[in-house]
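Novice: Here are the chains, one letter per residue:
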Amino acid sequence: MFIIENLDFSYGSKKILNDINLKIKKGIFMSIIGPNGSGKTTLINLINGMNTNYSGNIRYLDKDLFEYSIEEKAKNFSIISQRSAIDFPFTCMEIVMMGRNPYKNRLNSLSEKDLGIVIDVMKKTDTFKFANSLITEVSGGELQRIILARALAQNPRVLFLDEAFSAMDISYKINAIRLIKKLVKEEGLTVVSVMHDINVAYKFSDEVCALKQGKVQGFGNPKEIITESFVYDVFDVEVEKINDKGFFVKV
Amino acid sequence: MDQATILIVDQVKIRRKKHLNIGILLFLITIAIIVVSIGLGKAEISIKDIISIIVGKITVNPNLYSHIKPYKVAIVWDIRLPRILIGVIVGTGLAVAGTVFQSLLMNPLADPYTIGVSTGAAFGASLIIYINLFLSNIQIPITPFAFLSAFITLILVLKIANREGIIKSSNLIIAGIIVSSILSAGISFLKNAAGEEVSAIIFWLMGSLASRTWTHVLISAPIILISVIICTYYSDDLNLLCLGEKDARSLGVNTNKMRKIFLIIGAIITAVCVSVSGIIGFIGLIIPHLLRFSVTSNNRVLIPLSGLLGGVILVLADNISRVLFAAEIPVGVLTTLLGGPFFIYIFIKKNKYIQ
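Read top to bottom, the protein sequences are chains A and B.
Be aware that the first sequence starts at 1, since it is given in our numbering, and climbs by one per residue.
Be aware that the second sequence starts at 1, since it is given in our numbering, and climbs by one per residue.
Isolated chain A (complex conformation):
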């Protein structure tokens, strides 16, 4: 789906990403892991076309990413970014309806089909029950579920997540990941996600990309590459692996 070659990115004289080479296949869940400031968010924003100020090549499907218009990108990519505060009192349903914007003509209001999609994704994210509440009055976790619903309403081929579950409680977090995994499996959705929790990345990803100081430290099947020594190299933390269940931090 994506072929990334010799990708470099700097803020002024500070080099953030250094010679990144990656291939992201269709229909997989890929996690980007790494310590704070390692360039995870920068990398995801380059791949999804939000930031176009790089050197190197990023190809999406059969064309260079540069050749896609804003409208085309909106029909292909859904992006959930780190901070999504909304200061205006829209209803939750109005926010999710905005996900249909790429498919909508300016003069028409939403069609029955669009409304059906909106209701469907709101039910899947368990947000339909507060569809008519104001977005300024819901909790942080509820807001993230609304944003997830909006991203799904966009009907993307690739879903980009940057700490999309940080404010959700454990049960909603697992449900959200399961829902996304199901779309990956059944509908061939591709997911690129910044992950902080090594255990979640280990358990749910098909592939992981580990960044450290702007360089790829490891890329591949999490079961193969995430080991105790690997975690120590990347995060500088000692962990213990419990069978195939995950990692415990040694205190």
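What the hints contain is simulated information worked out from the structure, not anything from laboratory work.
Wrong hints could be hidden among the right ones.
[Claimed, not checked] With a straight-line Cα cutoff of 20 Å, these simulated DMTMM-like cross-link-like pairs (lysine to aspartate or glutamate) come out:
id : chain 1 : residue 1 : chain 2 : residue 2
1  : B       : 246       : A       : 87
2  : A       : 241       : A       : 224
3  : A       : 212       : A       : 187
4  : B       : 246       : A       : 224
5  : B       : 168       : A       : 238
[To be verified] Restraint-style ranges between C-beta atoms, simulated for each label pair:
id : chain 1 : residue 1 : chain 2 : residue 2 : range
6  : B       : 63        : A       : 111       : 52 to 60 Å
7  : B       : 140       : A       : 107       : 40 to 48 Å
8  : A       : 199       : B       : 27        : 22 to 30 Å
9  : B       : 225       : A       : 106       : 12 to 20 Å
10 : A       : 109       : B       : 62        : 46 to 54 Å
11 : B       : 16        : A       : 18        : 49 to 57 Å
12 : A       : 129       : B       : 27        : 54 to 62 Å
13 : B       : 349       : A       : 105       : 37 to 45 Å
14 : B       : 109       : A       : 110       : 48 to 56 Å
15 : A       : 56        : B       : 109       : 56 to 64 Å
16 : B       : 177       : A       : 104       : 34 to 42 Å
17 : B       : 337       : A       : 66        : 52 to 60 Å
18 : A       : 112       : B       : 159       : 40 to 48 Å
C-beta atoms are modelled at their ideal positions from N, C-alpha and C, and glycine is treated no differently.
Guided by the hints, dock chain B onto chain A, whose structure is given.
Specialist: Leaving out everything else, chain B in the frame of chain A:
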């Protein structure tokens, strides 16, 4: 669809119906207030005469009002009606521009004056009034130069806020504040230089609808009307811009292009309003704010409703300023005097939403 789904979809439909009804109601109130306002004033003129005069003038049939005293005809047609229509036009313009700027700058406390366009108009007007003091035979018309000066200010603010082709809201606000502080100092300089004749400048700056003519109406009405239609046409994009640059772009909005369109149209509206009536405060801040938390944030509905309510409120305020007091108070002073405390009230009441 199951029961719960039907219930929620019904709520959405009821909401839409309510919005439509509010719109119709405000439209009827606008018509009513225009007619009633013409009847208000020192000269007593009956509703029957007013209707005869207006219908007669519009249908170009002088027989309908030939029996009414000519001074009454002049008061209704040449003095009161243009003034009231200017009130509707300017009120509509300021409220719509306020709605646009609040969404565009992602700041519910922004108004049409935030980016300094109005100070630009005020500076242009002050300069022309000052120059006119030295001219005895001819007088330069103030309105077109106020408009020109507002536009130059907009271009200047955009140039300062522009960073590598991208115009950020925060940069716009800062650029607006800087430019408008400099121009305010310029206005003070002109006031000082005008010496004893300073009252002409001061009176213009205070904002008034007095002695506006049909020329003002015929020039400003089409500009404001077209601007409101364009803003409503692009209202979905404006909704998305409320979410911020990144989210809007990821949902398919060409943010740079849309921001420029809204900035220019918002600035044109503001420039027209200020050059016609001077600085009239608080309409552009309060009307959209009030409607946003009591009715909806959806700009497709909010823009037309703001326009209607803005017109009604400004005509009401102008009625108070010209009828209630022995000496007329400039309406700009009145809107700020009444609007300020009202704003404090909603600020305290709705504090959690403003944050």
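Novice: All hints, please: hold or fail.
Specialist: Status of each hint after checking the structure:
1. B:246 - A:87: 15 Å, holds
2. A:241 - A:224: At roughly 13 Å apart (the allowed maximum being 20 Å), residue 224 (chain A) and residue 241 (chain A) satisfy the hint.
3. A:212 - A:187: This hinted pair is violated, its Cα atoms lying about 32 Å apart.
4. B:246 - A:224: 35 Å, violated
5. B:168 - A:238: 43 Å, violated
6. B:63 - A:111: 52 to 60 Å: 55 Å, holds
7. B:140 - A:107: 40 to 48 Å: 44 Å, holds
8. A:199 - B:27: 22 to 30 Å: 60 Å, violated
9. B:225 - A:106: 12 to 20 Å: 19 Å, holds
10. A:109 - B:62: 46 to 54 Å: Holds, at about 48 Å.
11. B:16 - A:18: 49 to 57 Å: At roughly 53 Å between Cβ atoms, residue 18 (chain A) and residue 16 (chain B) fall inside 49 to 57 Å, so the hint holds.
12. A:129 - B:27: 54 to 62 Å: 36 Å, violated
13. B:349 - A:105: 37 to 45 Å: 39 Å, holds
14. B:109 - A:110: 48 to 56 Å: 31 Å, violated
15. A:56 - B:109: 56 to 64 Å: Because 42 Å falls outside the window, the suggested range is violated.
16. B:177 - A:104: 34 to 42 Å: 36 Å, holds
17. B:337 - A:66: 52 to 60 Å: 55 Å, holds
18. A:112 - B:159: 40 to 48 Å: 47 Å, holds
In this structure, the hints that do not hold are numbers 3, 4, 5, 8, 12, 14 and 15, in rising order.
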